[in-house]
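Residue numbers (our numbering), protein chains in the order written: chain A, 52 to 702; chain B, 52 to 702.
I should point out that these hints are in silico values taken from the structure, not numbers from a laboratory.
The structure displayed is predicted, hence computed values, not measured ones.
Since no wrong hints were added, every one of them can be taken at face value.
If chains are identical, the list can't say which one is meant, so a pair holds when it fits in one copy or spans any two.
Below, computed lysine to any residue pairings styled on SDA-like, alpha-carbon distance capped at 25 Å:
1. K367 to E675
2. K271 to Q178
3. K230 to W197
4. K367 to E393
Number of protein chains: 2
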Amino acid sequence: MTHGSTLAAGPAPGPHRSKSRHTPVPFTAVELRDSLWAPRQRSVRQRTLPFLFSQYEKAGVFEALDVHLPPGPLRVPFNNRPTTPVMYWDSDICKWIETACYTLATQFDPALDARLDEIIARIAKAQQPDGYFNTYFIRREPAKRWTNLRDWHELYCAGHLIEAAVAHAQATGKQSLLKVMCRYADYIATVFGPGDAQRRGYCGHPEIELALVRLYRLTKERRYLDLARYFVDERGRQPHYFDQEARRRGEGPEGYFHGTYEYSQSHVPVREQRQVVGHAVRAMYLYSAMADLAGETEDPSLVAAGERLWADLTGKRLYVTGGLGPSARNEGFTDDYDLPNETAYAETCAAIGLIFWAHRLLQLDGDGRYADMMELALYNGALSGLSLDGEHFFYDNPLASRGNHHRWQWHRCPCCPANIGRLIASLGEYVYSAGPDEVAVHLYVQGRGRIAVAGTNLSVVQETAYPWDGTIAIRIDTETAVEFALRLRIPGWCRSARLAVNGTAVDVAAVKDRGYAHLKRRWQSGDRVTLALDMPAERNYAHPDVRADLGRVALKRGPIVYCLESVDQEVPLHWIALPRLGQIEPRFEPNLLGGVGTLLATAAVQRSKDGAGALYAAAPPDVEPIIVRAIPYHAWDHRDPGEMNVWIREI
Amino acid sequence: MTHGSTLAAGPAPGPHRSKSRHTPVPFTAVELRDSLWAPRQRSVRQRTLPFLFSQYEKAGVFEALDVHLPPGPLRVPFNNRPTTPVMYWDSDICKWIETACYTLATQFDPALDARLDEIIARIAKAQQPDGYFNTYFIRREPAKRWTNLRDWHELYCAGHLIEAAVAHAQATGKQSLLKVMCRYADYIATVFGPGDAQRRGYCGHPEIELALVRLYRLTKERRYLDLARYFVDERGRQPHYFDQEARRRGEGPEGYFHGTYEYSQSHVPVREQRQVVGHAVRAMYLYSAMADLAGETEDPSLVAAGERLWADLTGKRLYVTGGLGPSARNEGFTDDYDLPNETAYAETCAAIGLIFWAHRLLQLDGDGRYADMMELALYNGALSGLSLDGEHFFYDNPLASRGNHHRWQWHRCPCCPANIGRLIASLGEYVYSAGPDEVAVHLYVQGRGRIAVAGTNLSVVQETAYPWDGTIAIRIDTETAVEFALRLRIPGWCRSARLAVNGTAVDVAAVKDRGYAHLKRRWQSGDRVTLALDMPAERNYAHPDVRADLGRVALKRGPIVYCLESVDQEVPLHWIALPRLGQIEPRFEPNLLGGVGTLLATAAVQRSKDGAGALYAAAPPDVEPIIVRAIPYHAWDHRDPGEMNVWIREI
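Kindly produce the complete structure, drawing on both the sequences and the hints.
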């Protein structure tokens, strides 16, 4: 096995080079030593992983792997409530494996490694002679294999199995799971495709497409890329596979629960899609795969489709937190500007999917707006899904709560915990990209990235208190002097930045292009760059068609979206309004919530006197000044339970 | 039969005098000749009555009277949709009869009179030998008589039958329906009561209580008052009748659909009730009966209970329109200050029930605040339920709509149309009250009331354009000069009023007591009083615990609540805000909506430029001035369908 912290890493996990403009510097080569992410990674390793393992054990998720045993009861008692084995438990196991692998790569743990070997052996044992693997169908419904791609997550689970196999190989160097899953992928390639004896199908829940691209990048086997492309290209074509499949089941397509194939983004072929619709996680995973394929195949029609969908999402259908998919009904999108706060679904997995997509578009295109969005979703809509203790989770992430929304320890659909786990455990991968003669710094996080550029191994060392402070000191440690462009992101939220190289000021405007300052020079070991990003507290206003936010303001500072929580205020949240010109003071509070930046704002209280007063009156309520404390949105619901609010009335 | 327009009316329908302070001058003695109510009364007579008759015929409601025929199908095709015979159709027939009677009394119609005779004959024929009458149970479920008072509306229907019988006798002088229903009431009195062989029950839906008081007032038979009192006193006592009854049905009380007996205000005895809870119509009907009984029995504990409930409703649980019961779930009340606008249920029948209650408290107590509330609900939350053409209805009356809420012609529960019909047809009864030596004018409506006071028959003649103008000229026509106090209501919304008798100014402050100016003098025929009520357009603000209305303003002028409708504006409603100090100009528009007062307000538009613009920005949207037109809330949804909004953002 390869112990990550001793890895010298190149720009890609192997000799393969994507046709994308940049390649992420892998998580194995990036150490985070900051006060926010490093503790979160530790918490994922020390708390989330064992906690989820034990929850899965208790719920019977791992037991599902033992397909040679007779199937257990359909209702398993768990936490005093029955839980039903579901068709996508394989995916939860796999996201747990992925998370475990990422933590192994950065901090080896022989017990965890052995546990992985044991689980993988059970998976290998359960694989069918033809290569098929799905614990639910093997054990419970063998006759129903591939009979309902629309609803039953079979290829989705295959995708997560493949992602786990890739992660396991990358993190440990072992081929055990990879071999099993290559066999499975090869089998899938015989089943699906344009041939007469093949099924022209694809999964109702995209995932296998991006997994196959990962598998291709690791193995260099072109057939995996081709299969991914087949699934993406076939999607939404007429005659519609899901119609045909429903007829074969004797159901007819008209009984489809969700009514429209927009739910799974298969209503029209992907290149004809102009709006982000349907189930939000499915959308993000599909668009991520489209970006992957656009990079690998240099297909301008896929690039154009992705750009249109990006503009639609970010221009009309995204929460200020980077959360997305407002409706619980379809776990997804509704209408333009329909972004209710209290009922916001904004699934943690959807924000994670947005990070996946943005990260891929960033490699493809290099524009800082993708990094801006990746950062926004990371610090807000995604991070909110995981508690500081690593053992409590949000599935839906509303932007306002009356006090009845709280973190949980188990969910009937336990997809989010391991998804946020694998994201945080692999976060290093999102910090840097490398090209042939350039290094891009996308995220500012104290720590070190080891990067090979222009044939030289070097380190980029960041010292910063970001995101609580906008000053970043960067040092280049290099074996030999080397010429390359260091691209430093100037975030979209930053209105003024100062830059210096070895103490000499650089005119940011002169070197800035598409969201990055380009510092092209012959870098010597010990060269220092100082970047100071102005980071005042700011008011954010929504487009006037976002009815939920009209007359309201959201507070941001840097990439962090803030919220009010009851526990911090002297009065009920609904009495609090912000005067348009009131003072807002940022502070760092080391003893609060693991150490966070807060905002102290001068606010106006419209209170009722002694809880009384007329129900209606000709004069507005009296206004009194008050100081309120806002905390980062991602850190809410860690203290006394109460109300929460992101969009505050302005007065 | 007695032709109403020729009736000389005393303060009560007969020699009976209530112990209440005042008695309403009956509808038979009051003519309305104004531009708002008179056309509405005409529309009820000419349109609503025949329209509902034909709808009832088509839906099989009248056919249900023919209990000797075998029961028809349980799903009757109607308007291309199946409708199911329901247990409370008798009540709809009876409200229709009541409405018809009130119109007969003010404008005799031989065809309608004959139709009533025919319907009454069918009712008489259907009555069972023991006096029982309920078409549903006689025909479909004879074995289930009195087995589920909690849910099945049996005594509720009896109440409406009795009210119809009283109205028929008052309006036509005929005893045909009254005799049938006295027999039924006498039978009910044998079934229910404290005796060993009797049931200690009462209806889940209050109604029979107030009906029995009406029957008592007409017949002077004390036993009807006693039965009403029994039902009210027994309500909510332990052991709980609904529990016992459920056990007798073999169900057990724990399966109760609504979970709590608050739904039917039977959770505790009525004198212990401190909050308005549960189904809003049930609450209003119960409280109305309590007010009736308080007046008839001089029971201070009932007076106190009513006052507490009134303070709770009007202080914490009432819409600005006089609508009530925010939730569709229980058609009723939820929490203090929970008054959402778009999802407001605010059933038309509940506002009508509030008018019934307020009218009764007003007779009992004489305080103008009851008249204020009666007027508010009348002009807004109740009147909104009936269209100008008399053939379209609202069941629920939200205070905001995205454009998907429209008047209908039939409802699975058609209770509201005939309820608003009977209210409007009998509206004259709400205008005046008389006491031994005083006459109170509660509502200002152009027209004439014929009143006997201090032994003299006189007329009070109002000339006014109220509610569109605050000036009221009152003339006294009297056979002989007579001394009495003329009490003129000074509405709570009026901040400045001027008063003159025969041209001589009277100091309003000096003669005002509890909402009325008292003009005690020896009145001569031809005496004139001029009352000028200042009636500027006003902003209304809600208590700061009404979350839905925070930062919002509702426009009122006089008793009329205004709203914005899309059809009147140049921009979408959600872009419109009102500056706190902007101009608001009242106008009368004779050609709009049958002639209504409107408000032209200087507003601010926060618009998106060309439909584009960033989803989030650091600056608020640009603001441009615009003039918006507000129309009376009761008149909305008569033109191009669109959005509507009562509570407008303030900027």
